[in-house]
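With chain A held as given, fit chain B with the ligands onto it using these hints.
Order-wise, the sequence lines are chains A and B. Under the numbering used here, the first residue of the first sequence carries the number 1339, and numbering increases by one thereafter. Under the numbering used here, the first residue of the second sequence carries the number 1339, and numbering increases by one thereafter.
Everything labelled a hint here was simulated from the structure, so no lab data went into it. Note that the structure is a prediction, hence the values are computed from the model and not measured. One should not assume that every hint holds.
The list cannot tell twin chains apart, which means a pair is met if one copy fits it or any two copies do.
Stated by the list, open to error - Once the Cα atoms are required to be at most 30 Å apart in a straight line, the calculated DSBU-like pairs of lysine-lysine come out as:
#1 K1426 with K1385
#2 K1534 with K1472
#3 K1534 with K1458
#4 K1385 with K1342
#5 K1472 with K1415
#6 K1426 with K1342
#7 K1472 with K1458
#8 K1415 with K1426
Number of protein chains: 2
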Amino acid sequence: MTIKLYCFGESGNAYKAALALELSGLDWAPVYVDFFNGETRGEAFRKINAQGEAPTMVDGDLTLSQSGVIQQYITDKTGKFGGTAEEKYEVLRWVLWDNHKLSSQVGMTRFLMNFLPEDKRPADVITFMQGRLKAAFTTLNAHLEGREWMVGDSITNADLSCCSYLFYPEPFGFDRADWPHIDAWLTRVSDLPGWKHPYDLMPGNPSDRA
Amino acid sequence: MTIKLYCFGESGNAYKAALALELSGLDWAPVYVDFFNGETRGEAFRKINAQGEAPTMVDGDLTLSQSGVIQQYITDKTGKFGGTAEEKYEVLRWVLWDNHKLSSQVGMTRFLMNFLPEDKRPADVITFMQGRLKAAFTTLNAHLEGREWMVGDSITNADLSCCSYLFYPEPFGFDRADWPHIDAWLTRVSDLPGWKHPYDLMPGNPSDRA
Ligand SMILES: N[C@@H](CCC(=O)N[C@@H](CS)C(=O)NCC(=O)O)C(=O)O
Ligand SMILES: N[C@@H](CCC(=O)N[C@@H](CS)C(=O)NCC(=O)O)C(=O)O
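Just chain A, same shape as in the assembly:
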């Protein structure tokens, strides 16, 4: 049975799950969530996921949310992206770091800078967030110095989680040229056979609302 992923192109969190599904070779299809018209905050969507978030995955009787959980499910099902047994804590460590310090802050900053009407963008919040983001990019760039992948010798959920928002074109205070180890690693990810850009992998992108 085809796995369904509730998602939308602009969502870096959904991209983490979509990219893992795509690269794993599992049979999956996206279901568009109309986030920008409030679908995640509506009753119908809350029945699927009480956390009210994309991505949400449905595989037969099983419904899961949180990109890190969906990634773990894909790993359990396919044996891919989990690293070796000894690496499991290290993979989870970077997935959690990404959720707390990288994606949550990039996601919010990108939203405020690009998806709010221009006269509603809170300048003080944006400036504050960019200071915090810089600390996160510094940690990531330092970790990638001398490494090909976040953990061990091949791609894991740690990479699929941390890379996600960094492929988006909208400005949020990140320029690949400033962060050489991040830049080289993003190229390694996008060179993987089967890799797709978020706007090519999931339905919906900013030009729909232009």
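Showing chain B with the ligands alone in chain A's frame:
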């Protein structure tokens, strides 16, 4: 050998690991991290944890960080707090939700409202964050309606993660009286045999800096 936990009393993230260690019955001892004088940002601490964060756990040769990873390690070692095999995704789902939507935002808001000098507290950022926090409390309160514990019939890492910041006395826009299901659940947690308040479990608290 005694497990060491690098932590400080004010850290809700550290409390998640400290409370799990304490309630598990493992032999552990706190090591004070002088966060307010910059220890987590210094070279010496980065050698222990390149993410520069408390909590960090050292058990013999093994060093782990991220409260969710330390909790998983305690579960693997003791069989406690992981829920049943079928509940494992649901437990991780709430740990990730907590890291992304609850603790990261409570932690930041509480810091800005209490631990910055009064003339440096960014009013716009605080107001913005409180809107986002209200959405998180709404999701948590709704989930706890009709439930004793976050997942299944007994306490898991989902509870130990989500409850953590909510025991702190400093104001950050949360009043237990406004959220009856959260309130009743926090009482269930603090009634557990062996439960301790963060300022009784870990060294350091705001009165040291008064
Ligand atoms: N930690 C979650 C975050 C998911 C998340 O926050 N998704 C956003 C879209 S990028 C969402 O659906 N937000 C719903 C809302 O704010 O109403 C994950 O990794 O899956
Ligand atoms: N997601 C992490 C968060 C840890 C974290 O952010 N800890 C804070 C203290 S509460 C810290 O050490 N921050 C270091 C800094 O900002 O320099 C966890 O759950 O362990």
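Now for the hints, and whether the structure bears them out:
1. K1426 with K1385: between (32 Å within a copy, 21 Å between copies)
2. K1534 with K1472: within (27 Å within a copy, 36 Å between copies)
3. K1534 with K1458: So K1534 and K1458 fail the 30 Å test inside a copy (32 Å) and across (44 Å) alike.
4. K1385 with K1342: For K1385 and K1342, the Cα distance is within 30 Å only inside one copy (16 Å; across copies 43 Å).
5. K1472 with K1415: For K1472 and K1415, the Cα distance exceeds 30 Å both inside one copy (36 Å) and across copies (36 Å).
6. K1426 with K1342: both (26 Å within a copy, 21 Å between copies)
7. K1472 with K1458: Result: close both inside a copy and across copies, 24 Å intra and 20 Å inter.
8. K1415 with K1426: both (16 Å within a copy, 14 Å between copies)
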